[in-house]
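Top line first, the protein sequences correspond to chains C and P. So that you can map any letter, position 107 of the first sequence is 107 in my numbering, and since no number is skipped, the others follow by simple counting. All you need for my numbering is the position in the second sequence, starting with 1, plus 1000.
I should point out that these hints are in silico values taken from the structure, not numbers from a laboratory. Accuracy of the hints is not assured; some may be wrong.
Claimed, not checked - A short, non-exhaustive set of chain P residues, derived as facing chain C with CB atoms under 8 Å: (1) 1074; (2) 1085; (3) 1087; (4) 1136; (5) 1165; (6) 1167; (7) 1168; (8) 1169; (9) 1198.
As the list claims (entries may be wrong) - Computed cross-link-like contacts, PhoX-like style, restricted to lysine-lysine with a CA-CA straight-line distance of at most 25 Å: (10) 63(C) / 1193(P); (11) 1193(P) / 1143(P); (12) 63(C) / 1195(P); (13) 1089(P) / 1195(P); (14) 1002(P) / 1048(P); (15) 1233(P) / 1002(P).
To be verified - Computed, partial: chain P to chain C, Cβ under 10 Å: (16) 1120; (17) 1159; (18) 1160; (19) 1164; (20) 1166; (21) 1172; (22) 1173; (23) 1175; (24) 1184; (25) 1187.
Model, not experiment: these values are computed from the prediction. Beta carbons: idealized from backbone N, C-alpha and C, even for Gly.
Chain by chain, the residues run as shown.
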Amino acid sequence: MKVSEIIEKLGLTVFSGRKGLDREITGGYVSDLLSDVMGNAQEGQAWITLQVHQNVMAIASLKDMAAVILVNNLEPHENTVRHSDDENIPVLGTCLSTFEIAGKLYQLLNQ
Amino acid sequence: MKSFRTDLHIHTVLSPCGDLEMSPVRIVSLASKRGLDIIGITDHNTTKQCELVWKLGQRLGLTVIPGCEMTSREEVHCLGLFEDFDALKEFQHFIDQHLAIIPNDPALFGYQVVVDEAENIIEALDNYLGASLDVSVEEVEQKVHELYGIFIPAHIDRPRNSLYSQLGFFPPELKVDALQISKLAKEITVREKYKIGTEITLVKFSDAHYPDDLGKTFTVFEMEEPTFEELRKALLREDGRSIRIP
C-alpha cells in the first residue's frame, strides 16, 4: 500500500516530504527510542512515534523507511521538516494516540 | 597546576529518587571527608537545594557548583552548571515555564523535599520532578549557554535517558562542553562504541543518589584554582589545563 493511500484512509496530515508519497509501505514500527529504531526497524515500514527531533529523519533515511507518523497532534521540528523534504520521506500527523493509530494501520495493512 | 577531585553530578533529598539521607549537611560533610574538592548539585529539573549546599560547602572549604539535571522533551538527561545564583535563578525560571505539570505521588515516585541546615523539611514540591521539559535538548543547551553555563549530557552510555539511547546518534547541532559517562563505564570503550572523537572531552561523575555513592567516582581537574572559569578551561583543555578520569 502506498503512503498516499494510508493518508487518505487514516485521515493523516502531511507535514513534509511530499515527493515520497508514492513510497510503498510494507509494515509498521512503533518506538520512541531512536537507538531501538536504528537497531530494529525494517526497510519500507511506517514509523509511529512521538519524537519530533531531526534525528528521526536521519534514522528513517538510514533504514529506508516509508514514512514517519507523529501521534497526539504533535508537529515536527523545523529541522525535521527540512530533512524530510531533503530525503523525500513524508512526515505525517494524527490526533490519535500511538495505540489507536497503530491498531488502525495494522488492520489496514492486514486486510 | 593543582589537582582537584571533582564530581559534578550529585542529587540531594530534593530529587524524588534521591535518598532521604542526602541532606545538604550530609553531602558536604561526606564529600569533604572522602576527599572531593569540587562538587556539583544537580537535582532533577530543580535548583532549589543548591544555595544551601553552597553555603555549607564554604565553611568546609569545599567548592560547590550550583546546577541541575534536566530532562529534555526527548527524555535525554543533561547537566547544566552555573557560575552564580543570578544565572541559576534565571534557569529555574526557564524550568518553571517548561516542566510538564504532573502532581507528584510520593508513595510512587519518592519525596521531593527542600530541607534546611538542621535537616528540617521546609518545603515539599508538588509537581513531579521526573517529568520532562517541553523543549528539545538543543533548546535546553542554548538556554544554558545563554546564561554562560556549562552543558554536559549525562550518563551517555546508559540504555535509557541518554543522548544516544533517545536520539540514536549525536545531534549535529548540539554544542556540548563535555559528555558524562557513568560510574562503571570505561572511557575507551564508550569512545569506540559511540565513535566519539578526542575533540570531545569525556568526564566521569557519580550521579550519586545515596550517601554510599559519594566520593567513589570523580574526575581529576588539573587547573589553577577551584573556580567555575577554571572548570570551563579544563574541560576545553585550554592554557595547559586538563582533565583525567582516574
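Violations among the numbered hints, reported as their numbers in ascending order: 2, 3, 9, 11, 13, 14, 16, 23, 24 and 25
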